[in-house]
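Asks: Below are the chains, spelled out letter by letter.
Protein chains: 2
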Amino acid sequence: MTKVLNAHDISRLIDMPAVIDVVQDAYKEKAMKTGEIWPMIYHAFSDMADMDIRSGALQPKHIFGNKLLTWFGNNAQQNMPELNGLVTLYSSETGEPTGIINAPALTGYRTGAAGAVASRVLANPHSNTLLMVGAGGQALYQIMAQLCVLPEISTVEVYDPMNHENAEKFVDTAKKRLVELFSHDIQAYEAVVAEKIEKRLSTVKFVAVNALDKAVAAAQVIVTATPSTKPLIKAEWVQAGTHINAIGADMEGKQELDTAIFAHANVYVDDLEQATTVGETQNPIKDGTLKKENIQEIGEVLAGQSVGRQDDQQITVFDSTGIALQDLEAANLALQRAVEHNVGTSVEL
Amino acid sequence: MTKVLNAHDISRLIDMPAVIDVVQDAYKEKAMKTGEIWPMIYHAFSDMADMDIRSGALQPKHIFGNKLLTWFGNNAQQNMPELNGLVTLYSSETGEPTGIINAPALTGYRTGAAGAVASRVLANPHSNTLLMVGAGGQALYQIMAQLCVLPEISTVEVYDPMNHENAEKFVDTAKKRLVELFSHDIQAYEAVVAEKIEKRLSTVKFVAVNALDKAVAAAQVIVTATPSTKPLIKAEWVQAGTHINAIGADMEGKQELDTAIFAHANVYVDDLEQATTVGETQNPIKDGTLKKENIQEIGEVLAGQSVGRQDDQQITVFDSTGIALQDLEAANLALQRAVEHNVGTSVEL
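Read top to bottom, the protein sequences are chains R and A.
Counting in the numbering used here, the first sequence runs from 1 upward without gaps.
Counting in the numbering used here, the second sequence runs from 350 upward without gaps.
Derived from the structure by calculation, the hints contain no laboratory data.
Mixed in with the good hints there might be a few duds.
Stretches of chain R that chain A covers, calculated by requiring three or more beta carbons in the stretch to come under 8 Å of a beta carbon on chain A [said to hold, decoys possible]:
1) 32 to 41
2) 47 to 55
3) 120 to 127
4) 194 to 201
5) 312 to 326
6) 336 to 349
Note that the Cβ used here is the ideal one computed from N, Cα and C, for glycine as well.
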């Protein structure tokens with residue numbers, strides 16, 4: 001029997017702290033070569049529709065599989081979700097399919113977790129102010145994940161490059177939505193975590209900001225998650241000791257950071273080839289500000305093959321583009337818990 | 350809602366004549382570029398276990414998707430199927446997943462249909478003797494498909510390169526198994542086709558053969574479907590007018606035909622790059638007997654861009670390696686019928 005898990009199942013089964021831990025495993029397994037990533041397939045149907053297939057194998061978990069994720073930007077006009085897709089998991093002992101899992105639901109969590117894993121080893125652990133650039137669907141996941149790994153953050157500033165009103169609307173309901181998404185939904189199976197998350201959120205204030213220069217200067221941790229194709233954050237605004245998670249760039253032509261930032265930063269990525277092709281680091285590589293040999297994969301830091309932040313003056317940047325192993329780890333977590341709690345639909349295939 | 354179809358559903362829903370028609374569409378769409386194939390992902394876990402992911406899009410059917418097929422050769426020892434996997438189909442209008450379908454069940458049909466599509470345009474339509482080389486799991490599908498497109502075949506000779514007893518056992522139960530698999534199973538929804546197939550099978554005799562040289566000389570159509578890595582069929586045995594479907598070779602090092610056969614044959618493949626890399630044509634390409642520019646894709650013939658058999662003296666060879674569009678077409682056929690007859694399990698994803 002194969003388990004089918006939909007978005008509602010996922011939201012009840014997985015909690016952000018656990019996803020952060022398994023995404024950390026994913027990066028480490030890549031560095032230790034016990035996790036394998038196969039070539040990505042990308043296809044654009046039009047300017048407003050594309051899909052990709054990411055696949056790979058995780059030896060220590062005895063699984064392999066793929067994620068097909070689609071984006072159809074015009075779906076919103078019909079009140080349909082823009083993102084669709086499935087993760088399919090298989091046993092690497094027998095080849096049998098073990099799980100079929102809603103991909104957009106997992107993707108939100110694993111992308112949020114990516115930034116948190118980086119902040120754990122790269123951000124100043126005493127950071128008190130987080131700046132979130134972008135107030136779209138990914139912002140809640142990014143904020144929640146950062147709050148999980150940086151216990152002293154008490155202010156979350158939110159900036160929307162398109163429209164300040166968006167940021168204001170976002171902060172008005174942010175705490176309520178975060179509690180619903182990351183605490184209420186997991187009450188049944190992860191009550192202790194749910195309580196911790198609610199407590200954590202009660203200590204944080206959310207502020208919409210309009211002056212990006214001042215907000216950048218005030219924050220010790222910055223997360224960018226926008227569809228921008230032009231630099232939003234200028235190098236001269238970034239203070240010593242700042243850590244930036246650049247999440248938005250995921251194809252050629254995307255850019256959120258001034259390339260001058262990379263001239264004096266310690267730079268980390270999830271996958272060197274992919275990030276320097278479609279991620280934020282494509283830009284400083286293109287204009288020569290950054291050389292590939294000066295970039296480290298975050299998994300190398302986690303596996304002890306390289307080092308993270310060394311002092312409180314360094315500027316660090318993490319460029320996340322998403323690797324299959326994150327999806328497989330998050331899917332595996334959901335599947336294990338679904339079996340344990342008898343959640344989801346079992347089908348005979 | 351997304352339909353889930355297991356092997357039992359597939360066997361009730363699709364009939365071989367219909368699969369032949371849609372596989373013909375698949376090849377034609379490739380030639381007309383309304384069907385698109387994305388790069389194949391292949392991974393070997395060991396000598397006894399591998400998997401591949403084939404993906405693509407079919408514009409005229411408004412679908413895209415992928416097939417992940419696994420082969421774990423040691424499963425048989427635990428009485429488990431060696432092949433596992435899923436086809437997932439998506440709407441290219443909205444990106445939504447529409448079907449999740451057992452892959453091994455579809456693969457048998459679409460691989461059998463491949464040979465039949467080729468025989469339709471390449472074999473002598475008055476062929477009366479079919480030689481099946483190989484008596485494994487694929488033989489029933491190949492034989493049934495050939496009988497569907499070559500109405501005058503009255504003798505099916507079966508040769509097993511490993512063990513003559515296998516061939517004898519195979520022919521003893523062949524007719525019964527063919528009737529069960531291709532007629533009984535489709536009684537509920539395709540009664541007319543079922544009756545035709547039973548009638549067709551009643552006119553055929555099955556013979557196990559031990560002398561491959563004589564069997565090759567006696568047959569007008571030959572299908573090879575073995576895991577052989579050495580030539581089984583010698584050039585001097587092959588008579589003028591013979592058509593050969595080379596189905597077995599699907600990775601580097603596989604070979605069923607003497608490369609000298611290609612020196613005087615008209616050669617067709619499903620996908621030029623793939624077939625000349627991992628199919629039967631890899632061998633004559635390697636030793637120089639055949640040049641890529643002398644090979645045609647079968648879809649080009651079907652689309653009227655090239656020609657099939659021109660006279661009754663030509664020797665023709667079709668090298669089939671399997672393309673994603675066959676899987677998508679067969680999956681789409683099953684899914685459409687499943688919706689029509691309300692078969693399968695619907696899940697919310």
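Asks: Determine for every hint whether it applies to the structure shown.
Replies: Verification of the supplied hints:
no.: 1; hint: 32 to 41; in the structure: holds (count 4)
no.: 2; hint: 47 to 55; in the structure: holds (count 4)
no.: 3; hint: 120 to 127; in the structure: violated (count 0)
no.: 4; hint: 194 to 201; in the structure: violated (count 0)
no.: 5; hint: 312 to 326; in the structure: violated (count 0)
no.: 6; hint: 336 to 349; in the structure: holds (count 4)
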